[in-house]
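Colleague: One-letter residues, chain by chain:
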Amino acid sequence: MTVAEPPRPERGTTAAERGPDTTPEEEKLAGATSWSARLVAAMNPKLVLSQAEGYPVGIKQFLQFCLIIVYPAWLVFVLLAWPIWLVGKAFEGVLWVLFWPVRALHKKNNPEEYAAFQAEQKAKKDAARAARSK
Amino acid sequence: MGLFNRKKAATITVPEGPYRAADTVNATIEIDEALDKVTAAKVELGYVNVFRYRWAGRADAAFSQGNDSWATMGQVGTNHGSDKDGQEWVHVLEEPLTIAGGVLGEGVQQIGLRLPSWSPGSSKEVVQWQARLKIERGGKDVEAEAPLTVLIAAPEPQPATTDLPLIQGERAIANSLDFDIVTERSCYKPGEVVRGTVGVTSREIVMKKALVAGWFQRMQESHPVTKTPGEKIDGYTRPMTNIAKDVMLIAGQRSEFPFELTLPADVDPTTEAVHSSIDWFVQIKVEFAGATGAIERAQRGIIVYTA
Numbered sequence: 001m002t003v004a005e006p007p008r009p010e011r012g013t014t015a016a017e018r019g020p021d022t023t024p025e026e027e028k029l030a031g032a033t034s035w036s037a038r039l040v041a042a043m044n045p046k047l048v049l050s051q052a053e054g055y056p057v058g059i060k061q062f063l064q065f066c067l068i069i070v071y072p073a074w075l076v077f078v079l080l081a082w083p084i085w086l087v088g089k090a091f092e093g094v095l096w097v098l099f100w101p102v103r104a105l106h107k108k109n110n111p112e113e114y115a116a117f118q119a120e121q122k123a124k125k126d127a128a129r130a131a132r133s134k
Numbered sequence: 001m002g003l004f005n006r007k008k009a010a011t012i013t014v015p016e017g018p019y020r021a022a023d024t025v026n027a028t029i030e031i032d033e034a035l036d037k038v039t040a041a042k043v044e045l046g047y048v049n050v051f052r053y054r055w056a057g058r059a060d061a062a063f064s065q066g067n068d069s070w071a072t073m074g075q076v077g078t079n080h081g082s083d084k085d086g087q088e089w090v091h092v093l094e095e096p097l098t099i100a101g102g103v104l105g106e107g108v109q110q111i112g113l114r115l116p117s118w119s120p121g122s123s124k125e126v127v128q129w130q131a132r133l134k135i136e137r138g139g140k141d142v143e144a145e146a147p148l149t150v151l152i153a154a155p156e157p158q159p160a161t162t163d164l165p166l167i168q169g170e171r172a173i174a175n176s177l178d179f180d181i182v183t184e185r186s187c188y189k190p191g192e193v194v195r196g197t198v199g200v201t202s203r204e205i206v207m208k209k210a211l212v213a214g215w216f217q218r219m220q221e222s223h224p225v226t227k228t229p230g231e232k233i234d235g236y237t238r239p240m241t242n243i244a245k246d247v248m249l250i251a252g253q254r255s256e257f258p259f260e261l262t263l264p265a266d267v268d269p270t271t272e273a274v275h276s277s278i279d280w281f282v283q284i285k286v287e288f289a290g291a292t293g294a295i296e297r298a299q300r301g302i303i304v305y306t307a
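Residue numbers (our numbering), protein chains in the order written: chain P, 1 to 134; chain H, 1 to 307.
One chain only, chain P, in its complex shape (with noise of 0.2 Å):
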């Protein structure tokens, strides 16, 4: 026998259901695919603003003033960044000449092994890389 009964309500969803708590500012910074995109995204007034968002009413005022105090001292910080990654990027070219010698004694001894360590951080690099570009 089946008696009527009211529908059973809808669940909400889970935080990992509902993906990435971001605004959209910020994706664009995320989906940001060269340097320069990123330092535009980065500088855009918008997304330093859009950091008080899912505050309370009151708050999130307070909190857009703070911001925009800020704002000039985040410039300095975002341009200071540039060198910084220019600084970072050329250690990084140091210490891959450096290490040439233990790549090549990897090549010759364990070729098979050195071949998939390639290939996975080729995979890597196309993963991020077409994060990005989503």
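Hints listed in this document are in silico derivations from the structure and should not be mistaken for laboratory results.
Do not rely on the hints blindly, as some may be mistaken.
Pairs of lysine to aspartate or glutamate, EDC-like flavour, derived with a Cα cap of 16 Å [claimed, not checked]:
{"id": "1", "chain 1": "H", "residue 1": "K232", "chain 2": "P", "residue 2": "E17"}
{"id": "2", "chain 1": "H", "residue 1": "K227", "chain 2": "P", "residue 2": "E10"}
{"id": "3", "chain 1": "P", "residue 1": "K28", "chain 2": "H", "residue 2": "D60"}
Given the coordinates of chain P, work out where chain H should sit on it, guided by the hints.
Modeller: Just chain H now, kept in the frame of chain P:
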């Protein structure tokens, strides 16, 4: 009759229960004197659902990356303290009261409310069932409520223990063991003894003796309909029960340990509510001896029912 000790115009009483799904709750509504200017009057059945939610900011905001580490704990502007407990009324069903020409007559009314078959079980922390009387009228609305207890039955048929999730190997480090946890049954009542066996196989050569111990893990998940979900809350039935001491595992060889853990009598059942849910697991740890000994864990789901 003073201004502050005025009696409520209407009261609702229900026998506390406990009820099971598909039972009928008989609510008694007592109206002391006829109420006029009434636009709607009803008895609602539902539950108060407690859940964790995020009140402050976006969880994945760019500027908040990395500020939830232990190093920044308690500092202003970090992610700590962004979650809090909230509660929401989940409406299940309602029955109208008879109003004649805007007047709700005085006297006693009996109303039967049938609990749906999918009713979640009452729990101390997540689901609190109530019958609520709501009379909307010109001026102040009249509201009253009465609590009740609903028990939840085990699913029919009971799932096999191997159908419930076995969670292991989630960590990058301290991940050298394969666990196989099997319990005698899949469904248990609070206070019952959970018997089973845990099979442990090491993928690496083991140099240290280990302690095998177990406890129950309670996972409370938050999935509110409108608010931003908060973090999962995990709780454990302390203390841990030792299963085997000074065990020397051998690489590639399966060692089996029978265990017997008693579920505390006052735990909340497995719950699937609208805004939050509770899942129970048997968690087994293997703790290697010494200051640098790693702790490895795995858990198997169980279902806790009350009816």
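Colleague: Please go over all the hints and tell whether each is borne out by the structure.
Modeller: Here is what the structure says about each hint:
Restraint check for K232 (chain H) and E17 (chain P): the C-alpha separation of about 13 Å stays at or below 16 Å, so the hint holds. Restraint check: the Cα-Cα separation between K227 (chain H) and E10 (chain P) comes to about 15 Å, which is no more than 16 Å; the hinted pair holds. Our distance criterion of 16 Å between C-alpha atoms is met by K28 (chain P) and D60 (chain H), whose separation comes to about 14 Å.
In this structure, none of the earlier numbered hints is contradicted; all agree with it.
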